[in-house]
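J.: Chain by chain, the residues run as shown.
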Amino acid sequence: DQQVKQNSPSLSVQEGRISILNCDYTNSMFDYFLWYKKYPAEGPTFLISISSIKDKNEDGRFTVFLNKSAKHLSLHIVPSQPGDSAVYFCAVVNAGGTSYGKLTFGQGTILTVHP
Amino acid sequence: EAGVTQSPTHLIKTRGQQATLRCSPISGHTSVYWYQQALGLGLQFLLWYDEGEERNRGNFPPRFSGRQFPNYSSELNVNALELEDSALYLCASSESGTLNEKLFFGSGTQLSVL
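Here the protein sequences come in this chain order: A and B.
So the first sequence is numbered by the working numbering: it starts at 1 and just counts up by one.
So the second sequence is numbered by the working numbering: it starts at 1 and just counts up by one.
Note that these hints are calculated values from the structure, not bench results.
Even glycine gets a Cβ: it sits at the ideal position worked out from N, Cα and C.
Don't take every hint at face value.
Claimed, not checked - Okay, derived cross-link-like pairs now, DSSO-like style, lysine-lysine, Cα gap no bigger than 27 Å in a straight line:
no. : chain 1 : residue 1 : chain 2 : residue 2
1   : A       : 54        : A       : 38
2   : A       : 5         : B       : 13
3   : A       : 5         : A       : 38
4   : B       : 13        : A       : 68
5   : A       : 68        : A       : 54
6   : B       : 13        : A       : 56
7   : A       : 54        : A       : 102
8   : A       : 38        : B       : 102
9   : A       : 71        : A       : 38
10  : A       : 54        : A       : 71
11  : A       : 71        : A       : 56
12  : A       : 71        : A       : 5
13  : B       : 13        : A       : 71
14  : A       : 54        : B       : 102
15  : A       : 102       : B       : 102
Claimed, not checked - Pulled a few chain A residues facing chain B out of the computed Cβ check, cut under 7 Å:
no. : residue
16  : 40
17  : 44
18  : 46
19  : 108
20  : 115
What the hints assert, rightly or not - One side only, chain B facing chain A, incomplete, derived with CB under 10 Å:
no. : residue
21  : 6
22  : 58
23  : 61
24  : 102
One chain only, chain B, in its complex shape (with noise of 0.2 Å):
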């Protein structure tokens, strides 16, 4: 059975730019997570998607957005890139409604801003 797969595992863009990711999740799964991991920090909760409603955000300002498609797969975008967005994208999912939070996550993808 297939894992969570990100695409692309490597972006490079320059400051201003808009990024996109990719994200499939586990068959079966429906929701969707977005985390990130700046250079020796823990990784920071962006967004949670469940059948295709945004369920909840962390604090990040608005240009960090997404969506989840029919098909649960999602996208994150980020625009107006800023130095700082420079950091590892994880995504990760999971059945909806487990409680105890059990999240498999992808490899991620790893954004550099020049």
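Looking at chain A on its own, in the form it has when it is part of the complex (with noise of 0.2 Å):
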């Protein structure tokens, strides 16, 4: 059971455009959504989180939405750059019962920024 699915594995933008990464999660219990960042033989960077009870959280060039009707999270990254090209994983986490301090991770987006 994939409680949180990224359905694109790959995307690919031109530079200066905007990057959209969709994440879609299944429990309404969820407490805490994140967006990691992957380059390649390095392990995972923590980009942005926002929390269940707001809409939007905002930092630079990153913006997260959360839809929480639509159990849907997005990250918007204006304008893109080519040093942007890397694996995105969203994370939720639940912050109470037994799914305490664990994150549970989507299967990630490959985004390619094109110069």
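With the hints as a guide, bring both chains together as one complex.
T.: Okay, here's the thing in structure tokens:
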């Protein structure tokens, strides 16, 4: 049972344009939603997060949107840069019960930004 | 400040053997997490240690085990290795009790089971 899905395995974008990465989840009890970025041969690095009580969080070129009714999370990167080329993982956490401390990750989306 | 360090970088074992992977968290972090990333899959949660105790584990068989030492470093042991255990094993650390679960990851140990 996959609780977090990133349905697009890859995304290709031109430099300067917007990149939109999407993530769907099934459990309405999730408390926090995060995005991580991973370069080859490196571990994932934290990018941005959003609490379930908000619908938008912005940090520089990165904005995360949360649509709780649709159980949908998206990451917008504007403007996209070649250095943004990486694998992007969405992750969710349920702060309560047996899931506490456990981040559940999506499968990842490979973003390629062309100069 | 040193990040999360993992050793070895690469590990080659044969089926049935045991593998031991090591992780040192960021100084001041008391929580250590282990994740498995098999080829083509996302990160699968394995184990969470905090203050020397196992706090949670994912849906993996008991031959996946580990421990956390008094200095908060951690070991992941995989017994009776199977071919499908070949994967990148990532360790992460965080400050204990942070609700938003911002994790800092190491670069991983690539385990190959032949």
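J.: Could you tell me which of the hints above the structure violates, numbers in ascending order?
T.: 2, 4, 6, 13, 16, 20, 23
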